[in-house]
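Colleague: Protein chains in written order, with the working numbering: chain A, 1 to 109; chain B, 110 to 448.
Worth double-checking, as some hints may not be accurate.
Claimed, not checked - Some, not all, of what chain A presents toward chain B, calculated at C-beta under 10 Å: (1) 1; (2) 2; (3) 52; (4) 56; (5) 81; (6) 85; (7) 89; (8) 97; (9) 98; (10) 101; (11) 103.
Everything labelled a hint here was simulated from the structure, so no lab data went into it. Positions of the beta carbon are idealized from the N, C-alpha and C atoms, including for glycine.
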Amino acid sequence: MAEISFPLPDLGEGLLEATVLEWLVKVGDQVERNQPFVEVETTKSSVELPSPIAGIVLTLHGEPGDVVLVDTPLITFAVADDSAGIVGTVPQEAAPKRRVRLSAVLDED
Amino acid sequence: MSDVLERIQETPLLQLSMQQAINRALGEILEADDRALIFGEDVGVLGGVFRVTDGLQQRFGANRVFDTPLAESGILGTAIGLAMAGFHPIPEVQFDGFAYPAVNQIITQLARMNYRSRGTLPMPVTLRVPSFGGIRAPEHHGESLESLFAHVPGLKVVSPANPQQAYHLLKHAASMPDPVIFMEPKARYWNKAGVDLTENSASLEGAVIARPGTHATLIAWGGMVSRCLQVAELAAEDGIELEVLDLRWLKPIDEAQLAASVSRTRRAIVVHEGPRTIGLGAEVAALVSQSCFDTLRAPVERVTGFDVPYPSGDLEDEYIPNIDRILFGVQRVLEYRRG
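Just chain A, with the same shape it has in the complex (with noise of 0.2 Å):
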């Protein structure tokens, strides 16, 4: 497994820091891709942030109220060695597969 942090993305133009509102995840948790994780809450507006990964989550960085600084970390997701990253998914390795046969008569000269 891999530790993968997410900070907190700056949510405005130039927003210096946002206050936690509501985790929506907990510890233990498996989160999906684009699964809201957490509701902030900025000078501008209150908005729930979709998890950029699949991952088990292995710390909330900071309690309902907290001020969380733009780039520290919100969230911490453990994933697996083989997880595709953050973008496509990892290519299954199936056993080939053919339906074409090949026949020759190789003139060996």
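Once you have looked at the hints, place chain B on chain A.
Modeller: What follows is chain B alone, placed relative to chain A:
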């Protein structure tokens, strides 16, 4: 013999995925060369979208491994300036299709700065580009740019086929004084294989025979090498022994190895993911025709992607040469008769 076996047993090969092998190579490059720098989109804090640069910023600090704005032209412009100042940049363009905004910098500056400056401003830049398709990703994430870059004088282009090659070829590329486009077959990032860390650099030039055979040569690179090895395995069931030649270096192409292999087998099929027209397969076919004209028993066959934009994930398996399409290509070459 027995002590050789013992030694082999004592030092089992490291089992690494290509992603881990590249990560290890990058760490060793930064360790050994304090002028080496890694930068690109999400390579720092996040450790790369495929975690290829995982942990490197923590190890080497944010001055040597750093995130850039989402502006590929800027990434390459930065690399060129840093190289002029004596650094050894290893930038990443996050995906093949994101290299297009950087093509101007790559072609008009990076590739010709050494030439333009009469050798006073070499460009020891290794540009890592996760390349080719096969991971069900959206548009701009599955393209094959080898023929575009191979066409540009001043660039070298290389694509590893397995973790062992990825580890050594990357270290080799980073040690070169010239700009190298390092095309990582992203569909192979997760496949583990044994990596021998002690290969000598002489064996990293040119092509390699991935599987010897006698009846025809399959020529491939990057992610298509493993598929051609599968095809060779299946062809053997039919009594056909296919040689698989892994070009590795796409610029310059190892013409001598190419000619030697096809001279033996007398038949050639070149396989690549990119579109057929002006694909690298055309260059390979021309080289083979020139060097092996008298011995060839059939025209060189090309099994390639189609002349359409790279499709969405649902159609990927139809676009990328699959086992049956490659076998058809082999069959056409085998049954060809002159006159």
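Colleague: For every hint, state whether the structure bears it out.
Modeller: For each hint, the structure was consulted:
Proximity of residue 1 (chain A) to chain B is violated relative to the hint, the smallest CB-CB distance being about 12 Å (cut-off 10 Å). The criterion of a C-beta within 10 Å of any C-beta in chain B is met by residue 2 (chain A), whose closest approach is roughly 7 Å, and the hint holds. Hint status for residue 52 (chain A): holds, given a least beta-carbon distance of 9 Å to chain B, under 10 Å. The criterion of a C-beta within 10 Å of any C-beta in chain B is not met by residue 56 (chain A), whose closest approach is roughly 16 Å, and the hint is violated.
Hint status for residue 81 (chain A): holds, given a least beta-carbon distance of 8 Å to chain B, under 10 Å. For residue 85 (chain A), the shortest C-beta to C-beta distance to chain B is roughly 4 Å, which falls under 10 Å, so the interface hint holds. With its C-beta approaching chain B no nearer than about 5 Å, residue 89 (chain A) sits inside the 10 Å limit, and its interface hint holds. Hint on residue 97 (chain A) holds. Least Cβ distance to chain B is approximately 7 Å, under the 10 Å limit.
For residue 98 (chain A), the interface hint holds, since its Cβ comes within 10 Å of a Cβ in chain B; the closest pair sits about 5 Å apart. Checking residue 101 (chain A) against chain B by beta carbon gives a least distance of about 6 Å; that is within 10 Å, so the hint holds. Checking residue 103 (chain A) against chain B by beta carbon gives a least distance of about 7 Å; that is within 10 Å, so the hint holds.
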